[in-house]
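As they're listed, the protein sequences go chains A and B.
The numbering of the first sequence is the numbering used here, which starts it at 1 and goes up by one.
The numbering of the second sequence is the numbering used here, which starts it at 1 and goes up by one.
One or more hints might be untrue.
To be verified - Some chain B residues well away from chain A (every beta-carbon gap over 10 Å; in silico):
| id | residue |
| --- | --- |
| 1 | 41 |
| 2 | 45 |
| 3 | 76 |
| 4 | 86 |
| 5 | 120 |
| 6 | 121 |
| 7 | 159 |
| 8 | 231 |
| 9 | 240 |
| 10 | 259 |
| 11 | 263 |
| 12 | 272 |
| 13 | 299 |
| 14 | 333 |
| 15 | 383 |
What the hints assert, rightly or not - Pairs of lysine to aspartate or glutamate, EDC-like flavour, derived with a Cα cap of 16 Å:
| id | chain 1 | residue 1 | chain 2 | residue 2 |
| --- | --- | --- | --- | --- |
| 16 | B | 506 | A | 441 |
| 17 | B | 274 | A | 39 |
| 18 | A | 569 | A | 966 |
| 19 | B | 506 | A | 835 |
| 20 | B | 346 | A | 480 |
| 21 | A | 623 | A | 558 |
| 22 | A | 970 | B | 510 |
| 23 | A | 590 | A | 441 |
| 24 | B | 274 | A | 441 |
| 25 | A | 722 | B | 362 |
| 26 | B | 520 | A | 835 |
| 27 | B | 346 | A | 838 |
Claimed, not checked - Computed beta-carbon distance windows for the label pairs:
| id | chain 1 | residue 1 | chain 2 | residue 2 | range |
| --- | --- | --- | --- | --- | --- |
| 28 | A | 592 | B | 116 | 27 to 37 Å |
| 29 | B | 520 | A | 659 | 50 to 60 Å |
| 30 | B | 306 | A | 836 | 50 to 60 Å |
| 31 | B | 486 | A | 985 | 22 to 32 Å |
Worth flagging that the hints you see were computed from the coordinates, not collected in a lab.
Beta carbons are placed, not taken as given, at the ideal position from N, Cα and C, and that holds for glycine.
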Amino acid sequence: MNVKEHLKGVSKLFALTLLLLTVGVYSWAQVRVTGKVIDVNGQPLGFVTVVLKGTTTATNTAENGTFTLNNVPSNGALIVSSIGYKTIEVALNGRAYVEMVLEEDAIRIDELVVTALGISREKKALGYAVQDVKGDELQKVRTSNVVSALSGRVAGVQISAASGQMGGGAKINVRGNTSLTGNNQPLFVVDGIPISNADFSYGATGGGGYDMGNLAGDLNPDDIESMSVLKGASATALYGSRAANGVVMVTTKKAKAAQKTFGVSVNSSVTIDRAAYVPKLQKEYGAGYAYSGAGTLDGFITATIGGKTYRTVDYGTDESWGPKYNASVKVLHWNAFDSWDTANYLVERPWIYPENDYMTYFQSGVNFTNNIQLAKSSEVGSFRMSYTNSDITGITPNSHLKRNTVSFSGTSVFNKYLDGWAAMNYVNNNTLGRPETGYGDRNPVQKMWQWSQTSLDYKALRSYENPDGSQRTWNRSSWDDGTPLYTDNPYWSAYKNYQNDRRNRVYGNAGINLKLTDWFKITGRVGLDYFNLSMEERFAVGSQATSEYYLDNREALEVTTELFANFNKRFMNDKMGVSALVGGSSSDRKSWRTGGITVGGLLIPNLYNLSNSATKATVYDTKTSKRINSIFGNVTLDYNQFVYLDITARNDWSSTLPASNRSYFYPSVNLSFVLTSLDALKELNWLSFAKLRGGWAQVGNDTDPYNLESYYTASTGGAFGKGADPRYNLPTTLANINLKPETTKSWEVGLEARFLDNRVGFDASYYQKNTYDQIVPVMVSGATGYTSKYINSGQMNNSGFELTLNVVPVKTTNFTWDIQLNASTLKNEVVSIAEGLDYLNLQNAPFRVKSGAFKGSSYPVIYGTGFVYDDAGNKLINPSTGYYAATPIQPIGNATPNFTAGLTNSFSFKGFDMSILIDMQRGGHMYYTSYMWGMYSGLLAETAIQDGIDIRDKGVTIDGYYGKYDAATKKFVYTTATGAASTTPVKNTSALDAESWGVYHYDQNDESNVFSTDYIKLREVRLGYTVPSKFTGPIKQLRVSAFGRNLAIFGAATQHFDPEYLQMAGSNAQGIEGGYIPSTRSYGFSLSFNF
Amino acid sequence: MNTIKKLFYALLALPILLTGCDKNFDEINNSPNSTTKVPTPYVLTYAQRQLGYNTFDVWNSGRQSLLCAQYWAQRNYTSEDRYIFRQGTTDAFSRNTYFNLQNFQDIINLNTNADTKAAMSVYGDNAVQIATSKLMIIWAVEMLAETFGDVPYTEALQIGTILQPKYDKQSTLFPKLLADAKTAVDALKTAQKGWTQGDVMFGGDIDKWIKFGNSLRLRLVVRQSNVKSDWKTVAKAIIAEGVMESNDDNAVIQFSGPGAPNEAPLYNGFIVGKRNDFTLTKQFVGLLNGVNDTDKGYTNPFAGLVDPRFRIYIGASNYNVGRTMGVPYGMSDADTKQFVASNTAKVISLYRLPSPLIIQADFWSVFIDYATVEFMKCEVNDWDKVSFEAAMRASFEQWGVKAADEYGTADVYNAAVNAYITGVLAKFDAATTAGKQEIVLTQKYMHLFTQGFEAWSEYRRTGFPKSIVKPGELTNGTIAFVASNPTGTDIVPRLLYDSNEYTLNKANVEAAATSIGGDKYNTKLWWAK
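Take the sequences, apply the hints, and build the full model.
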């Protein structure tokens, strides 16, 4: 028998089985029942499921809400259900026509949630925690990155945004970090198919770089129906490797079944962003140092020009320890030396704090977003189209982001067995002028509060170009030489040294369902995610740095093919339910990257092309490819909808692992009891619903491509010397041919209950998650010749409580008050790293500290020199400097908060609705490089005035006792003021001069620059009004609203920084600020309507 | 039904595509455009150039050894001048040197491993590749040992078996380096085929490698002059084996012009990086110009003689416009800024165009040069005048390759050189033995400009030149050099160990710290005076 015949045989057998299974024999008095389903407003509801209780006999209502069921026993009952409505049961009592009213379900007990592989499940059947956020929550208040909109809305999820800049990234962690060096963010899945959340930002610990935003930011809130966060490994076991850190399941909008007429909806909004939470600079002292002696006058260095001696502002020094402001002293500022500038040339001006200080630089960011959606559905299919345009200007000059999103989805019912769908999204981002962040030459704020002069007038700086096109900066080489010394004019950086990027992305999926019976279905689908990204960076000719052009092109493609069969049936008089799934998938991921950088400057100014390089441009070219094949299965059994048992199993084969270790299996098992299904509890009127659940799972994880063998690198710049000798070098990370997969094991228990007719409810979970055999490029002694070596090692444990609490204190016909609280704790511990190794470095900050994993501590830690304390907790002071003594390098702060919470109060009164979201975090820390340099260079407020006292006059006497760290005993010892050993504590009484005190923040004690990142934030306030349809004619759902985000911070540890913000989202190396763009406060208005 | 049948076949076929769940996986996990195998000459070129570039760049030399040796000072922020070194720079210097040495070790491994040695012998005898790579490793390890003290050598560069290498004690490390250098030289003496390509230092010339090896051995012996009583005997034997004989034998990496990787490291720092951070110290300028330092109370042994190299070191762009003033070493930021601002037209600016020789893109990096060898021979032979003159002439020849740029013609330079040498030799002849020692070692310092590590080591070994301003001494008028990290009454004797070692190789670095007398800035090294 050849294959074709064989298949034919199989198909015959299959058809026969089908026939046998679908034929039912009925013995009741059979009648024909017709009816209609309407909503509370009397509108007909189409596509509502009507099931004859206890059978598989079912139908859907037509567009006009009507239905017909044949052969119905006259004493039977109908169960009527539709997503978004309360399910009802109606006894026929002999009627042949029934009209049934469905109420919208406010708190849905039988809520359907989208779980792994995009399958909708009843929430009560789940043995693990899932929490979802509805799309309209995301649309009502605009954020430029949809991930940050989840902040405070889901227990166990931490969101941190990377600074307040246009198009910036947002980091999401579900139940903490699990991997020492791998990706710790959840997998984003759209309609069952994974999409990339890659982040091509660089400079995470504050070396110069750009925040490119994470790619999940491409998700368009207007196209999102809901986002579910699958938290535990049990929930995500079916997704395998990449879901070890949880899954964010995004369900996109489809044409609603009830959308029987062609519908259009429009949503427009405008948001204004203002720089908020900006470091406070001192206003008493100006540029440079206070000089004395020959060639100086009143603290200023003098210049003799044309026979006259002038006091000059110290243009050569990017610090502010200079003379005190004094309006009666006249000086030449930096712009008084250019003879072409007749308005300012040799014009002496009073020595005062500038009228237009650094805040002048920041402008209002404006975000206009307009969306239009068209949708229609019928019995044979549906379609939906949506177009969104966002036009965003940032808070820094010359910054602009334009985003267009087109989304299409269609479904088609081919016949009673077969339906299919296709959904495609196209996103186009065009960005110009993302500000550089971190310690880079183009970062405006590095030149504003790390190294600068308080005396600069930013209105004067706006004239950044000389008539000949060269740069005009305040940081002159000498009074008669205007070439930049260290620092470019920030406006020059913005208008001449800008970056730009564009990204085109297509993602979507298509598939078919073959419904062989109403309890057996086969689904096949293909998903793809493709993007190309082109980034350009430049230094113009005339900048302080050598002119340069950098071009980076990336391309990535991910294709996922899946086939699975679904079996769903109830047995034993409906008491026993079986739902099973078995299938396989293959995922291919490829990436390409090419680009280059000019060398030695640009030949022709303002021509940005790699071929315009003074000497041969450096180029690079990399390709990667990875495949994971999988088979998976899932069985859910329930007894009488009381006990649910859910078992999953998956086996992956990953191309990135060696042949002997590339296959890995992982199972999960979950059990839940719906207590309110027990007769004893059914009687309790006050208890609406209660469920106890528990689960255990194991998930494996692979590695990146090409970590098994060491590849030589073609050395940057190519051949050397006159002989053009080729150069290749070894990598500094040693590959390992014996890698095996990582393993995460987790368990969780939970209790969910609702009381008083669902007016009060909670959902509590406790989980534990341990990751073993991590694939780590573990750092090794430099003397081995390598930085690191790939090994399997290390263990990280996470555990925590999560609580979601819902209360509806008031509910009347016209007024509802709804409270939702989400809170979670996180206990994270790096249990081990590798034998003999206590610390694993993730990244160095550009100057002092590092971010890494430390054995026994939460992940990651800030690693640097700390305060030395005596037994009573007093800080000890080094007698030879008069500043705090320091320990050797050690953990000096946890980057990850261990408690987060969000509280939403929502009110609705007739057409008005209002919601207030407050969120908070505790237990994290940040090292602020901006604080270190801001203190060093005399810029920050406290370098001049503290508690109303001018410390530049009086000095600073820090509180503590003389002493030091004793390396031998690893403890403190007291000393006297002269450094001699002392048995008793001697209190510090000598004052440090302000400048020494400021400067000591740099190299004496790193912990001086570490602050807690605790905060309580007024995250969001929203007020809306939906105009009743009787006033709006053909227009429906006309809604106007106003909102504000990030409105106030309470409890911040310093006045200078927004504690929420990160340097960069797409990195594990956290806890180090390096000059980030200030965060923003946003206000917006929106208008939406349908017709 | 027909549609369904078709579809059903299609669906059934899909899982079949998945059978053989790891089909082609080895191929998929094989990078399509990078390689695991390269010819050893490519690695050699990389490693030689990298060692010559990194060691002498504005970070590792510029902000460390050239400051320690007081050739130059920072014009603005003087933290490192005052011994607030950036630990990150020091860490990277130590680590990057070892990372680079791993490439030499890779050449050794490829020429030792039975699977690869035959293939690699196409590029030169296995023994030659091994010996030459070993000599480069020895050169670099000596530099590290003279920067830090005890350093890993015996157990270094063996990641397959040793993740935490022990530190070799200085008193056993130097003899071991010496013995290994001898083994390498002996191997070269019997070799047939040198490097066929890729050797950018000696072009595959085995004789030059032998002379380099012996000169390196000589230097290792001379460095131990304070701690080995028989050093002269040993040194003489090595000299007899054949050391460098002319500037043709110099072990240098010659850079060739703008653009990576061909441009010289200081060119990259000043011109590409556009940073005018450093200028010659007042002390070094005074030494070159034959003037005494009245602030410190220093009497110049060459009083009245102007070194013809001065114009070459600062360039015509400074010299011709009277920018000949150095910056006093070791002042605070504010004092330095004030000094530079109030002498804005007089202070030497190495940044000015046309660039001085040392800032040019085709400058060179020196591992060991012939002049140094002659200075050592002079010392070994009790201040031998012939070697001393040869050393000076070699230096002037080396520094004078572009003398026409500064002097108009090479003849003018040569005349100035002859006059200067005559003047120096007259002072030499008139001097006592101690005076001769000072004259020779001070000349050696004046020659070693840009070779910061070597000059810093020689100062620590000999205490010359005496023009070096020590902490506490006056550097400018009444302003003293105050070291922010105290080093006692002398200049900084070492840098701190790679701080990563305290987490990655804790037991061994702590043992080394104890062994040398503490991982501190003021710990003197074993061979230093």
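Checked hints:
1. With a least beta-carbon separation of about 7 Å from chain A, residue 41 of chain B fails to lie farther than 10 Å from that chain, contradicting its non-interface assignment.
2. Against chain A, the non-interface label of residue 45 of chain B is violated: not every CB pair exceeds 10 Å, the least being about 4 Å.
3. Non-interface status of residue 76 of chain B relative to chain A is broken: a Cβ of that chain comes within 10 Å, the nearest being about 7 Å off.
4. Distance to chain A contradicts residue 86 of chain B as a non-interface residue, since its nearest Cβ pair spans about 7 Å, not more than 10 Å.
5. Residue 120 of chain B, annotated as away from the interface, keeps every beta carbon of chain A farther than 10 Å; the closest lies near 14 Å.
6. At roughly 19 Å, the least C-beta separation between residue 121 of chain B and chain A is larger than 10 Å, which holds for a residue marked as non-interface.
7. At roughly 4 Å, the least C-beta separation between residue 159 of chain B and chain A is not larger than 10 Å, which violates its mark as non-interface.
8. Non-interface call for residue 231 of chain B relative to chain A: holds, since the shortest CB-CB distance, roughly 28 Å, exceeds 10 Å.
9. With a minimum CB-CB distance of about 34 Å to chain A, residue 240 of chain B clears the 10 Å threshold, and the non-interface call stands.
10. For residue 259 of chain B, the condition that its CB be more than 10 Å from all CB atoms of chain A is violated, with the nearest at approximately 3 Å.
11. Remark: the non-interface label on residue 263 of chain B conflicts with the geometry, its nearest Cβ contact in chain A lying 8 Å away (cut-off 10 Å).
12. Non-interface status of residue 272 of chain B relative to chain A is broken: a Cβ of that chain comes within 10 Å, the nearest being about 5 Å off.
13. With 10 Å as the threshold on Cβ separation, the claim that residue 299 of chain B sits away from chain A holds: the shortest Cβ distance comes to roughly 27 Å.
14. With a least CB separation of 8 Å from chain A, residue 333 of chain B falls inside the 10 Å interface cut-off, contrary to its annotation.
15. With a closest Cβ-Cβ approach of about 39 Å to chain A, residue 383 of chain B is found to remain outside the 10 Å limit, as its non-interface label requires.
16. For the hint pairing residue 506 of chain B with residue 441 of chain A, the CA-to-CA distance comes to about 37 Å; that exceeds 16 Å, so the pair is violated.
17. For the given pair, residue 274 of chain B sits about 74 Å from residue 39 of chain A by alpha-carbon distance, which is inconsistent with the 16 Å threshold.
18. Proposed proximity of residue 569 of chain A and residue 966 of chain A is contradicted: the alpha carbons are some 72 Å apart, above 16 Å.
19. Between the alpha carbons of residue 506 of chain B and residue 835 of chain A the distance comes to roughly 12 Å, so the proposed pair stays at or under 16 Å and holds.
20. Taking the CA atoms of residue 346 of chain B and residue 480 of chain A, the gap is near 14 Å; set against the 16 Å cutoff, the hint holds.
21. Between residue 623 of chain A and residue 558 of chain A the CA atoms are separated by roughly 14 Å; this keeps the pair inside 16 Å, and the hint holds.
22. Between residue 970 of chain A and residue 510 of chain B the CA atoms are separated by roughly 14 Å; this keeps the pair inside 16 Å, and the hint holds.
23. For the proposed pair residue 590 of chain A and residue 441 of chain A, the alpha carbon gap of about 34 Å is over 16 Å, so the pair is violated.
24. Straight-line distance between C-alpha atoms of residue 274 of chain B and residue 441 of chain A comes to about 12 Å, which keeps the hinted pair within the 16 Å bound.
25. For the hint pairing residue 722 of chain A with residue 362 of chain B, the CA-to-CA distance comes to about 11 Å; that is within 16 Å, so the pair holds.
26. Restraint check for residue 520 of chain B and residue 835 of chain A: the C-alpha separation of about 28 Å exceeds 16 Å, so the hint is violated.
27. With a C-alpha separation of about 54 Å, the suggested pair residue 346 of chain B and residue 838 of chain A falls outside the 16 Å cut-off, and the hint is violated.
28. Restraint check, residue 592 of chain A to residue 116 of chain B: a C-beta distance of roughly 32 Å satisfies the suggested window 27 to 37 Å.
29. In this structure the supplied range 50 to 60 Å holds for residue 520 of chain B paired with residue 659 of chain A, their Cβ-Cβ distance being about 52 Å.
30. Distance hint check for residue 306 of chain B and residue 836 of chain A: the Cβ-Cβ separation is about 59 Å, which falls inside the suggested range of 50 to 60 Å.
31. The hinted range of 22 to 32 Å is satisfied by residue 486 of chain B and residue 985 of chain A, whose Cβ atoms lie roughly 25 Å apart.
The structure is inconsistent with the numbered hints 1, 2, 3, 4, 7, 10, 11, 12, 14, 16, 17, 18, 23, 26 and 27, although it conforms to all the rest.
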